[in-house]
Amino acid sequence: MFLAQRSLCFPSGRAKFLKTISSSKILGFSASAKMSLKFTNAKRIEGLDGNMWIEFTKLAADPSVVNLGQGFPDISPPTYVKEELSKISAIDSLNQYTRGFGHPSLVKALSYLYEKLYQKQIDSNKEILVTVGAYGSLFNTVQALIDEGDEVILIVPFYDCYEPMVRMAGATPVFIPLRSKPVDGKRWSSSDWTLDPQELESKFNSKTKAIILNTPHNPLGKVYNKEELQVIADLCIKYDTLCISDEVYEWLVYSGNKHLKIATFPGMWERTITIGSAGKTFSVTGWKLGWSIGPNHLIKHLQTVQQNTIYTCATPLQEALAQAFWIDIKRMDDPECYFNSLPKELEVKRDRMVHLLESVGLKPIVPDGGYFIIADVSLLKLSAIPVSAFCNSETKSQFEKFVRFCFIKKDSTLDAAEEIIKAWSVQKS
Amino acid sequence: MAKQLQARRLDGIDHNPWVEFVKLASEHDVVNLGQGFPDFPPPDFAVEAFQHAVSGDFMLNQYTKAFVIIIEPFFDCYEPMTVMAGGRPVFVPLKPGPIQNGELGSSSNWQLDSMELASKFTSRTKALVLNTPNNPLGKVFSREELELVASLCQQHDVVCITDEVYQWMVYDGHPHISIASLPGMWERTLTIGSAGKTFSATGWKVGWVLGPDHIMKHLRTVHQNSIFHCPTQSQAAVAESFEREQLLFGQPSSYFVQFPQAMQRRRDRMVRSLQSVGLKPVVPQGSYFLITDISDFKRKMPDLPGAVDEPYDRRFVKWMIKNKGLVAIPVSIFCSVPHQKHFDHYIRFCFVKDEATLQAMDEKLRKWKAEL
Chain A
1 MFLAQRSLCF
11 PSGRAKFLKT
21 ISSSKILGFS
31 ASAKMSLKFT
41 NAKRIEGLDG
51 NMWIEFTKLA
61 ADPSVVNLGQ
71 GFPDISPPTY
81 VKEELSKISA
91 IDSLNQYTRG
101 FGHPSLVKAL
111 SYLYEKLYQK
121 QIDSNKEILV
131 TVGAYGSLFN
141 TVQALIDEGD
151 EVILIVPFYD
161 CYEPMVRMAG
171 ATPVFIPLRS
181 KPVDGKRWSS
191 SDWTLDPQEL
201 ESKFNSKTKA
211 IILNTPHNPL
221 GKVYNKEELQ
231 VIADLCIKYD
241 TLCISDEVYE
251 WLVYSGNKHL
261 KIATFPGMWE
271 RTITIGSAGK
281 TFSVTGWKLG
291 WSIGPNHLIK
301 HLQTVQQNTI
311 YTCATPLQEA
321 LAQAFWIDIK
331 RMDDPECYFN
341 SLPKELEVKR
351 DRMVHLLESV
361 GLKPIVPDGG
371 YFIIADVSLL
381 KLSAIPVSAF
391 CNSETKSQFE
401 KFVRFCFIKK
411 DSTLDAAEEI
421 IKAWSVQKS
Chain B
1 MAKQLQARRL
11 DGIDHNPWVE
21 FVKLASEHDV
31 VNLGQGFPDF
41 PPPDFAVEAF
51 QHAVSGDFML
61 NQYTKAFVII
71 IEPFFDCYEP
81 MTVMAGGRPV
91 FVPLKPGPIQ
101 NGELGSSSNW
111 QLDSMELASK
121 FTSRTKALVL
131 NTPNNPLGKV
141 FSREELELVA
151 SLCQQHDVVC
161 ITDEVYQWMV
171 YDGHPHISIA
181 SLPGMWERTL
191 TIGSAGKTFS
201 ATGWKVGWVL
211 GPDHIMKHLR
221 TVHQNSIFHC
231 PTQSQAAVAE
241 SFEREQLLFG
251 QPSSYFVQFP
261 QAMQRRRDRM
271 VRSLQSVGLK
281 PVVPQGSYFL
291 ITDISDFKRK
301 MPDLPGAVDE
311 PYDRRFVKWM
321 IKNKGLVAIP
331 VSIFCSVPHQ
341 KHFDHYIRFC
351 FVKDEATLQA
361 MDEKLRKWKA
371 EL
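Just so you know, the protein sequences line up as chains A and B, in that order.
For the first sequence, the positions run 1 to 429 when the UniProt record's numbering is used.
For the second sequence, the positions run 1 to 372 when the UniProt record's numbering is used.
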């Protein structure tokens, strides 16, 4: 069965999560009122304790559940990637600390690869930072560059951590929804969802510190095109704003689409941090390695946060990742290169999910990229990850009828999903 | 950009001494006794555990969570972390007692003045950071000393953050005592541990914190809004390593017994070697490190090159790296700025290094002695 729906604790329900600790009961000795204040959480995390992934992970741990929820592959990572890590664990020096801002062989591999994609030189020491997952890059970026009282624009639906991270920095998120054009019998595509340029501009003001962009987009699968990115770039330049571009799904783009980096647009390199992920690139989410790329005058502040938080990332994993990168960098034009083969493999799965969902009368939004597909389920009362979890409270109702399915799953998983969905459809009729 | 780029929380904390010293060490042909990592491998069972973790179930490749009193000298990150959170650090020093001429100092001789410690607590003190065994001194706090800290924490309702990463590295039969085990302390203590120091695998970057749920839940909130997960395989390897140690707990073949015994011998060897060139080591009761008094050198060579106001110990270390090929860490980096001058005649050596490294150190010291 799919994960049952429960009322969600998603971050924008502020009032629910105010917690203070009633200490006299817990501590067991006579306490004055001031005692409970000392043991209270810092204000920066007030209201941020709910997290839907924790809840859904617990529910999905039941082995009878077919998990198309959280975005991790249940397909095997490429063999050479696993082999590299295995070899490396036997090398003594690689079990000890490495360079804090990124293991030298890894940042060299990253700069080599991204220099090609950016068509510019990238200093491996000063313009790249390796973090604990892309999550860690988002955290470092927000902590380094976003201050109390700043505003940060978030495009709805958004990957859920953006909002609490912005709030944890004492800043205010400002929301703008993607809106769908009417579709009229055509197949519904993620490209039908767009931002209204005037509405977007209305969200910028002198307090706007940054906008967070996510392309390819989670959960919609939208791949922003040149014109759309140009609108955003123009506004960033006009209002002198930073752009935080979450591009973890950069390789997962399907036929007819191209991933574009906003940092390559004129005037954008100096104001953009671009975030990538080993987990999504090589299907190894458990390695928890990500990176931030940008100009030194921004990256150096992310490095300051790094040296005052985790200091350095795991060495053997970074070395293994570097080796894996070199293998694929050498064959980037080859269909065997994982950067090429994975999207091909996933496009087949995407099409299968689309077909399956359509066959039971659901309306999927065909994604141009990413791991996920959204379907309008207002005809059936079923749940996977509700898309309302990716929204702030005001826009929640616009997205309540959608659920998100992850299709980077092995065929037997998708077979099991098919059986369940078809069974529902039979039940319903 | 016209606006201030970086958040104000980073003001004053952008410099980091490790970045400087690690770089220096890599640029010169040196024997590195500076940064605290073993340059020998982790025990076989730990390496095997990691091997299992990375070649086993492929699903392990996927995801699997006011005022602060700081006792000086302190592991340097405590201060900037406090500052970054908008807290205000308040420092109280450990001070060495007098030693007889000809005798070696011991880390047990370095103590807190109980009146001075009590005076640092106010109604606005939120936490106290304790580190035992202590880096850089190697002091292992005794039960009496911990009881003093505990009673002040309870009296003033303060949270105790105790960094016990070196908990297994205790010598000469000194017991490591966790302050959380003292009466009244579990409910107000966060105890931090490290796989890197426990299993000589600093590159795995797995650590943990233990404490009562009413405080831990707030750490979990930060965790889920920062890195969210730690790497799966590293955690699996640490778990398997602990399982092995649990079965052997207290027995002679336990890594937690053998490793500190071996390191005690290296400590003793380093103490003897350093004395041969007129350095005065302070014998540590625990940890990876010892500090050494360089007062004689300060008297004989007071004017080593360095920046204006640069503490003597930093200049000495840089001179030693360039001229003697040995890397140590100046102890003033483990002190608050106003107190650095009280510690500028000490440098820290790490003795948790391969035999070959200590032999290389002896070579460098022999040459040095010959030049004296």
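Note that these hints are calculated values from the structure, not bench results.
Keep in mind that a hint or two might mislead.
Residues on chain A that point at chain B, a partial pick, calculated with CB under 7 Å [what the hints assert, rightly or not]:
id : residue
1  : Asn51
2  : Asp92
3  : Trp188
4  : Ala314
Positions of the beta carbon are idealized from the N, C-alpha and C atoms, including for glycine.
Results for each hint:
Interface hint status for Asn51 of chain A: upheld, as the beta-carbon distance to the closest one in chain B is roughly 5 Å, under 7 Å. At about 4 Å, the closest approach between the beta carbon of Asp92 of chain A and any beta carbon in chain B falls short of 7 Å, and the interface hint on this residue holds. Restraint check, Trp188 of chain A versus chain B: the minimum CB separation of about 30 Å is more than 7 Å; hint violated. With a least beta-carbon distance of about 4 Å to chain B, the hint placing Ala314 of chain A at the interface is held under the 7 Å criterion.
Taken one by one, the earlier hints fail for this structure only at number 3.
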